[in-house]
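**Q** Now for the letters of each chain:
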Amino acid sequence: MSAGTGSPPTVVIVDDHALFRSGVRTELEGLVDVVGEAGGVEEAVRLVADVKPDVVLLDVHMPSGGGAAVIAGVSESRPGQRFLALSVSDAAEDVIAVVRAGARGYVTKSISGEELAAAIRRVHEGDAVFSPRLAGFVLDAFAGELTEAEVDPELDQLTMREREVLRLIARGYLYKEIALKLSISPKTVEAHVSAVLRKLQLSNRHELSRWAVERRLID
Amino acid sequence: MGAGDEQRSAGGLRRDPEAGLVAGVLAGVGERVGVDPLLVRILFLVLVVASGGLLLVAYALAWAILPGGPAGEGERGATAPPADAPGPGRRRRGRLALGVGLLMLAVLLSFRELGIWWSDALAWPLVLAAAGVALLWRQSVADGTELDAVPTAAPSPTAPAPDRRRERRASLLRLYRGGFGVALVLGAALLFLFANDTLGAARDVAVTAIVIGVAAALILAPFLWRLGRKLAAERAERIRTQEKAELAAHLHDSVLQTLTLMQKRAGEPEEVAALARRQERELRSWLAGEDGEEGDGFAGALTAAAEQVEDAHRTAVEVVIVGDCELDERGSALVGAAREALTNAAKFAGPPISLYAEVEDGRIEAYVRDRGTGFDPAAVNAGRRGISESIVGRMERNGGSAEISSGDHGTEVQLRIDRDGA
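Quick mapping for you: the protein sequence lines, in order, are chains X and B.
Going by the numbering used here, the first residue of the first sequence is number 1, and it counts up by one from there.
Going by the numbering used here, the first residue of the second sequence is number 220, and it counts up by one from there.
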């Protein structure tokens with residue numbers, strides 16, 4: 001993981017629609033370095049192991065397992081690989097499933113090329129990328145009371161500050177604007193978001209498991 | 220006895236409940252033979268007494284087996300009752316059958332007491348067998364009609380899962396009923412043999428038959444198993460094909476139409492974007508299907524308001540709503556104010572526009588944010604009713620508040636209202 005701010009990050013695009021891959025490639029031209037494309041799960045796993053990109057841009061819905069299968073396949077050879085999920089779907093179960101599988105962020109396909117490049121850079125630097133909608137889902141999931149089974153307050157609850165940050169993301173604020181509004185540094189905002197991502201991936205809150213289960217039932 | 224009637228049931232014989240006194244069997248017979256039903260009835264009564272009541276059993280059998288409805292009505296009359304009878308109707312029919320059975324038993328017992336009686340050894344097995352045959356015949360009639368009913372019932376896309384469950388339960392019920400019918404007939408045969416003291420000789424034959432039967436079952440089991448599997452697979456395939464056809468029909472009606480429209484309007488980017496957005500929304504709600512989360516609550520109303528603004532001003536609004544509640548007067552006021560704020564954002568700033576709403580235990584908050592050049596709320600002419608009346612005034616009248624902050628980075632309208640009874 002050569003963290004470099006100098007050269008643009010290398011990216012592999014994984015999507016089963018060739019038309020969409022080429023569209024994204026065109027949009028990202030000059031912003032990041034697209035080093036490969038894959039149209040299927042197996043192809044993607046092989047390609048990522050081969051070219052070792054900084055970030056994998058991953059479609060959630062694909063035949064034979066979807067984005068989660070790619071993450072699982074790659075994690076054997078490259079456990080530190082960074083993924084950014086990209087999908088037309090904004091159903092909670094889709095979003096939650098792929099983030100819990102290991103993606104460091106989720107954006108919808110309507111995102112502009114520049115925003116997408118910015119999100120890729122952020123994921124490359126190890127930060128999390130939350131769309132307003134993902135922030136809404138997380139607030140929803142962590143809203144209810146804790147049940148007996150969920151005993152880990154470290155993982156199963158959001159702090160007040162994290163809630164505030166998520167609310168501002170849901171309201172359409174950029175990280176910089178959030179930092180300004182809360183009088184904290186952008187780095188602190190990112191730390192909060194990363195903490196939320198970690199909770200999202202590791203918590204046993206039943207809302208999260210329920211969404212994950214629903215997702216599995218559909219596939 | 221009665222066998223003649225059964226034989227003809229394959230032909231045009233049917234019950235005529237309209238013209239009949241009890242179930243219309245005799246009226247149907249009369250019509251079929253071309254004799255006044257009254258004559259048939261008199262003859263029937265004479266024969267009932269002469270047969271020691273057993274003809275009554277044949278009557279009940281005919282009731283169960285013969286399709287209802289006058290002959291002129293054709294097949295429809297025959298198929299309607301067994302196939303698509305809803306729960307209560309079926310239960311009523313079950314009670315009716317039970318009543319008829321008990322009534323017949325009473326009549327038979329009176330005949331027995333009066334001495335107009337063949338013999339226990341003959342009569343009871345016949346009654347049992349008749350019940351079994353009635354069940355089995357009823358079964359095959361129902362099966363036939365259900366097969367007919369499948370293609371017409373299939374294209375209803377609304378609730379496939381419960382349908383399938385009901386179907387499975389129905390087929391289980393059919394299996395039970397069939398098994399019960401077979402058991403009744405077999406029991407009747409055994410009872411007959413036993414009562415006539417021929418069972419001793421028959422036992423050896425029976426043992427041989429059972430042994431051979433078991434052996435045959437062992438041999439045939441794998442074949443039958445495979446056959447069953449194949450049938451299940453074919454069924455699944457059929458369901459898949461139907462679903463595919465349904466999907467194709469939907470895509471044709473919606474997506475293909477929209478794509479055609481978009482090609483025609485290719486020169487008008489805003490129009491194309493609006494078409495695409497509307498189609499996307501429609502497709503999403505279709506995919507979400509039965510969950511239908513955006514119901515008639517607060518979240519649904521707010522989403523609908525945002526969609527109206529999107530359509531009216533050809534812009535996109537990013538909507539995020541956390542939680543939901545019933546739409547009361549205050550919720551409606553907030554939705555109205557939010558719509559006005561969205562309209563302003565669409566008119567003066569353009570995309571991206573964010574709408575975030577959160578329903579908490581005690582209150583509802585909503586934020587409408589745009590990235591326009593901003594304006595000074597205080598400097599806005601008080602005559603501009605949009606902000607002063609539709610947003611701030613509306614919120615305050617309903618016990619809420621509205622706050623507008625505007626700057627170089629855009630405008631944000633914050634709406635806040637307490638919830639009733641929370």
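Simulated from the structure, these hints should not be mistaken for lab results.
All C-beta atoms, glycine included, are put in the ideal place defined by N, C-alpha and C.
You may find that some hints are simply not true.
[What the hints assert, rightly or not] What follows is a set of in silico ranges between Cβ atoms, one per label pair, in the way DEER data are often shown: (1) B/531 <-> X/50: 48 to 54 Å; (2) X/50 <-> B/448: 39 to 45 Å; (3) X/75 <-> B/608: 16 to 22 Å.
**Q** For every hint, state whether the structure bears it out.
**A** To see whether the hints hold, each was checked on the structure:
1. B/531 <-> X/50: 48 to 54 Å: 50 Å Cβ-Cβ, so the 48 to 54 Å window holds.
2. X/50 <-> B/448: 39 to 45 Å: Given about 43 Å between the Cβ atoms, the range holds.
3. X/75 <-> B/608: 16 to 22 Å: Once the Cβ atoms are compared, 57 Å apart, the range 16 to 22 Å for residue 608 of chain B and residue 75 of chain X is violated.
The structure is inconsistent with hint 3 alone, although it conforms to all the rest.
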